[in-house]
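> Order-wise, the sequence lines are chains L, F, E and H.
Quick note on our numbering: the first sequence kicks off at 1 and runs consecutively.
Quick note on our numbering: the second sequence kicks off at 337 and runs consecutively.
Quick note on our numbering: the third sequence kicks off at 673 and runs consecutively.
Quick note on our numbering: the fourth sequence kicks off at 1009 and runs consecutively.
Please note that a few of the clues may not be correct.
[To be verified] Now the in silico label distances, taken between C-beta atoms and shown as ranges: (1) H:Asp-1045 with L:Lys-228: 53 to 59 angstroms; (2) L:Arg-3 with E:Ser-862: 31 to 37 angstroms; (3) H:Phe-1070 with E:Lys-900: 54 to 60 angstroms; (4) F:Glu-474 with H:Phe-1335: 55 to 61 angstroms.
[Claimed, not checked] Dumping the calculated BS3-like pairs for lysine-lysine here, alpha-carbon to alpha-carbon at most 25 angstroms: (5) L:Lys-299 with H:Lys-1236; (6) F:Lys-500 with E:Lys-812; (7) H:Lys-1269 with L:Lys-299; (8) L:Lys-117 with L:Lys-140.
Don't read these hints as lab results, they were simulated from the structure.
Idealized CB from N, CA, C, for every residue including glycine.
Number of protein chains: 4
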Amino acid sequence: MIRVAIIGASGYTGAESIEIILRHSQAELVYLSALPDECGQVDEIFPQFKGRCGLPVEPLDFDKLKGKADVALCCLPHKVSMEFVPKLLDAGLKVVDFSADYRIKDRSIYEKFYGVKHTDTANLEKAVYGLPELFRREIKGADLIANPGCYPTGAILAVAPLLKEGIVETDSIIVNAVTGVSGAGRNPTSKFHFPNMNENLFAYGIGTHRHMPEMEQTASQIAGTDVKILFQPHVGPFDRGILSSVYCQPKTKTSGEKLSKLYRDFYGAEPFVQICEAAPAVKDVAGTNYCHIFPTCVKGMVVVFSAIDNLVKGASGQAIQNMNILFGKEEKLGLE
Amino acid sequence: MIRVAIIGASGYTGAESIEIILRHSQAELVYLSALPDECGQVDEIFPQFKGRCGLPVEPLDFDKLKGKADVALCCLPHKVSMEFVPKLLDAGLKVVDFSADYRIKDRSIYEKFYGVKHTDTANLEKAVYGLPELFRREIKGADLIANPGCYPTGAILAVAPLLKEGIVETDSIIVNAVTGVSGAGRNPTSKFHFPNMNENLFAYGIGTHRHMPEMEQTASQIAGTDVKILFQPHVGPFDRGILSSVYCQPKTKTSGEKLSKLYRDFYGAEPFVQICEAAPAVKDVAGTNYCHIFPTCVKGMVVVFSAIDNLVKGASGQAIQNMNILFGKEEKLGLE
Amino acid sequence: MIRVAIIGASGYTGAESIEIILRHSQAELVYLSALPDECGQVDEIFPQFKGRCGLPVEPLDFDKLKGKADVALCCLPHKVSMEFVPKLLDAGLKVVDFSADYRIKDRSIYEKFYGVKHTDTANLEKAVYGLPELFRREIKGADLIANPGCYPTGAILAVAPLLKEGIVETDSIIVNAVTGVSGAGRNPTSKFHFPNMNENLFAYGIGTHRHMPEMEQTASQIAGTDVKILFQPHVGPFDRGILSSVYCQPKTKTSGEKLSKLYRDFYGAEPFVQICEAAPAVKDVAGTNYCHIFPTCVKGMVVVFSAIDNLVKGASGQAIQNMNILFGKEEKLGLE
Amino acid sequence: MIRVAIIGASGYTGAESIEIILRHSQAELVYLSALPDECGQVDEIFPQFKGRCGLPVEPLDFDKLKGKADVALCCLPHKVSMEFVPKLLDAGLKVVDFSADYRIKDRSIYEKFYGVKHTDTANLEKAVYGLPELFRREIKGADLIANPGCYPTGAILAVAPLLKEGIVETDSIIVNAVTGVSGAGRNPTSKFHFPNMNENLFAYGIGTHRHMPEMEQTASQIAGTDVKILFQPHVGPFDRGILSSVYCQPKTKTSGEKLSKLYRDFYGAEPFVQICEAAPAVKDVAGTNYCHIFPTCVKGMVVVFSAIDNLVKGASGQAIQNMNILFGKEEKLGLE
């Protein structure tokens, strides 16, 4: 049994992690923590856990945590995470961190986009980017996993075969994505107040979204050369899911059939990536850890659609996939 | 031209009032006010008015207002309204007040349910309850209209013919209603945060909702005897509309046909009440000032369904219907 | 391993059953069947199963089925089911039937409400009504389970303690319920076309809904006397869930505290029934087999709210709960 | 008074046209027609018109129509329209046609994308493309208006200033658009069945959507050179609205400020086009004839967002805007 602590259990990714661990046959929840004013019984904070989970959500106490848990799923927000992760590691836990704090290797880019100094560069260097389909081997031996952002997960899985094979131009990739509203987190705001967001759809983060440098870093690593991505996120009136529509310029003429073969070869037996013959739908992946991808050609352009659940493959599910790898377990446990 | 001021223009009922006045051929907006920190250009606060309304929303200034407007649509919240209404009346305006402050004639009930002392009992006495289908004559000569609550509008229109004719028991009426989320106002809260409210439905205000005494007062007035109503509101994942399902015990056996005739006779040529032969749907009245009613019998009980738009017939539309009456205009102006 | 066949696998309850069995550690799918023109690979019919289930959905062939499966989850519609259930039983399978065909013991009532002759009265007599919280003992030894309707599940769980203890009048119970649209099944119709149903809410089945006699039969059985229920269903713009708001007249004065204690005592350690201290929300039970119940008193009336997922506790989840009982397994398997 | 006939009144664009004409002070409905099996009283077909419109919807009868109406809003589907339009013109009516039959000047392209021979090429030549912001002068004197498609309206208004000024490359424009479900029409299908479409989002018409050649034709006309557009539509879980996110390569470096000025100069006093300083939202234009546009620069690319209501500016509203122009009326009548 993997003994799991969830740090920052009062948000949506915390709740989703609890949900998954409750169905996991070789992991158990042992400790839930949150900010002091968000503590209480977990089934009062999230009534969906009534009768299913009786744990308290407590203020973080490293003495209590030490020796009790094998791994921490750290669901803290950006900037807060890097204060706690070193202590979690020191307490002997493996850590899967949901924040951006350990994702961006170039700290100057991190500091520019997140507007703070990075205070834990030692661990930043050691952290492994937790996209199992691309970095499974590195993940296996790691102590600290930087769990990828939701948008980068959908976008990178969509373009990785193209970049690896070097068949598209790397200076003109456009990622147009639409997320469900759970991606905005659990704090109520005017934009996401139901009567404002319902029946609505709009772009945001125009030219400034923090997932853009994360995408470019990973894309460049895969391509072995600098990749420029114009990433444009939108939010639509649904809870879960990200649909990425990706437009690339091929270096030489290609076809839907060739692309389909390329993607099937690339992802082979990956348990959570499915290559489709038609446009994927966010509802088909909602609540699952799967990524559905459809690559095709339109008017000479390569167009790739990918769909994931932002809270599962884009956050908690991928974290638990990483956890399963870290502990040598079957990768699909809890995620079927 | 009726010159209209909207006091409290930064909320949903303010916006809906602006929308209707913009389509009104004999009324014009002359003044919009709100709390200082909610002021600005109206099309910045509500981008739907870009190119349609160029007025500023200003802090309320009675000197500016005086002589400029003929009527104030006072969209302030409960308790705040009674501070401003006397001054609006003193400034020579007719007032249609959206709050509950002038609806409940028994100030002890008001004070119990709203938890504050009533500070303007002089005007409370003079105010006319603005449900035109029942009190059109009184509205005509009034200076101050207490615009009915959204739930009472739907419920009272549903039961008025029964109570007027004395054909149902008055101690066992149940009003089960479901509202859209705009009824909760424009301030974001956790309950109405999109990912919490979407795909959700729940009861609230159990035994304590403030519209219960308002319903009972008007029902009793119509019946000429004390009426007890068990009112149970719910909120569902849609923007606009209230569906009321009303259950009554008839004094003697009746039938759907008899009820249908009773309702048609009672409402006769009322422009905004339509008697249906099947269950009304909130979408059919959304965005309109209409109330669709279907009275029927089930297993010996009288069951009546009514549907309104909570922001139109339940608030701004009814206010402008009242305004039209106050100024001797065709009642449907702006509401077609 | 329980070997499970799903008969009628191409509808929503079929898909939900597949979903649950895929997560069940002691059951496996061995056979999926549907009408000939709804056959194909299950992951083409339901793309959410890509990579998760590779079975074909085939036209029903009893020779293939025989000896292959231990139990059939029979998701066929009313009237069709009773043609196939006897053959499934003859083939040596235990059967959990989702239709109404084996629920209503009085065949004259069945024939009135469903408009067909009952053609399998022998098995009708033997069938056990599969509401485990009330009939667990009978379920244990049965061969044929009549899985309850979605509305009756929510309503009966809400009123059973009241009826068992005889503390409410049995001639004036009102069940006002709102379901999500998945309850209407998978066949597209005008009423449930997205632009018609979205942002909508309406009553239907007024005085005629087929779940009314089913509720009354079970309620009467619990009460030991004839119970009359006025059941009024509505449909709202969400996928899953039923909220039942139940109004009863108590025989003698009671209180919320007493009711809360009564319900806690009655349901004791039931794994899937949770007694709440506030209004339950459909979103908290969506995707789960749980029923959240809040009993209270309002103005002398007993008011009980219950929330379930119509596809899980109201259909497939309850069927698998029944299956677990039939095979002596831990009742929560697959349903955590 | 303009006397208006609506041909094909039983669909969503028919209903929207009725809605607008009911609020139009200088136009009146005189005749509504539909296919024989879709006829009946208009308020039975569309209950939202109860008490608002008492006209029958009748099978089309040219003898009845002749002399009765000044203009026909022809809401028939593609291919059907070209059978009726010549007869409507012969009957002496001006025609605003909602179908694609008169939009595409190159009949070989029409025939390729719509899969039928064009049978009314005489009128095809004379028809004027009814996008008032670009072709107001031509519209004035026309007898037959080809009312633009919903997607082309949003996309062309977004790119017209760029093409007119020649500041972007014309071989690499990408239009990524998301529509609400009303765009799919009123006939129920599996894809748009509420439980399938709700909480969903997906691409469709990949490389094959019929609005692509329409966009390219108009874009080329504006640019004075061949323009290639990669148009990718998506559908999301909301009723109304199209958000177009357009990506273009500028010929020389530009900036958000320059683009904003360009767009403001280009659209000047256009009543229905608003240039925004931030991302437009579909909800802000829903139910209106407005188009909100935000042009900006991201990483050297020109990115333009435009939002319209597909049923209003994308169909019925634009048709009535065209009608107002045809009859020399104030262009905003009925559309405020």
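> If a hint holds in the structure, say so; if it does not, say that too.
Okay, the hints, checked on the actual structure:
1. H:Asp-1045 with L:Lys-228: 53 to 59 angstroms: 56 angstroms Cβ-Cβ, so the 53 to 59 angstroms window holds.
2. L:Arg-3 with E:Ser-862: 31 to 37 angstroms: violated, 54 angstroms
3. H:Phe-1070 with E:Lys-900: 54 to 60 angstroms: holds, 59 angstroms
4. F:Glu-474 with H:Phe-1335: 55 to 61 angstroms: violated, 44 angstroms
5. L:Lys-299 with H:Lys-1236: holds, 9 angstroms
6. F:Lys-500 with E:Lys-812: violated, 56 angstroms
7. H:Lys-1269 with L:Lys-299: The hint is violated at about 32 angstroms.
8. L:Lys-117 with L:Lys-140: Roughly 29 angstroms between the alpha carbons, so the hint for L:Lys-117 and L:Lys-140 is violated.
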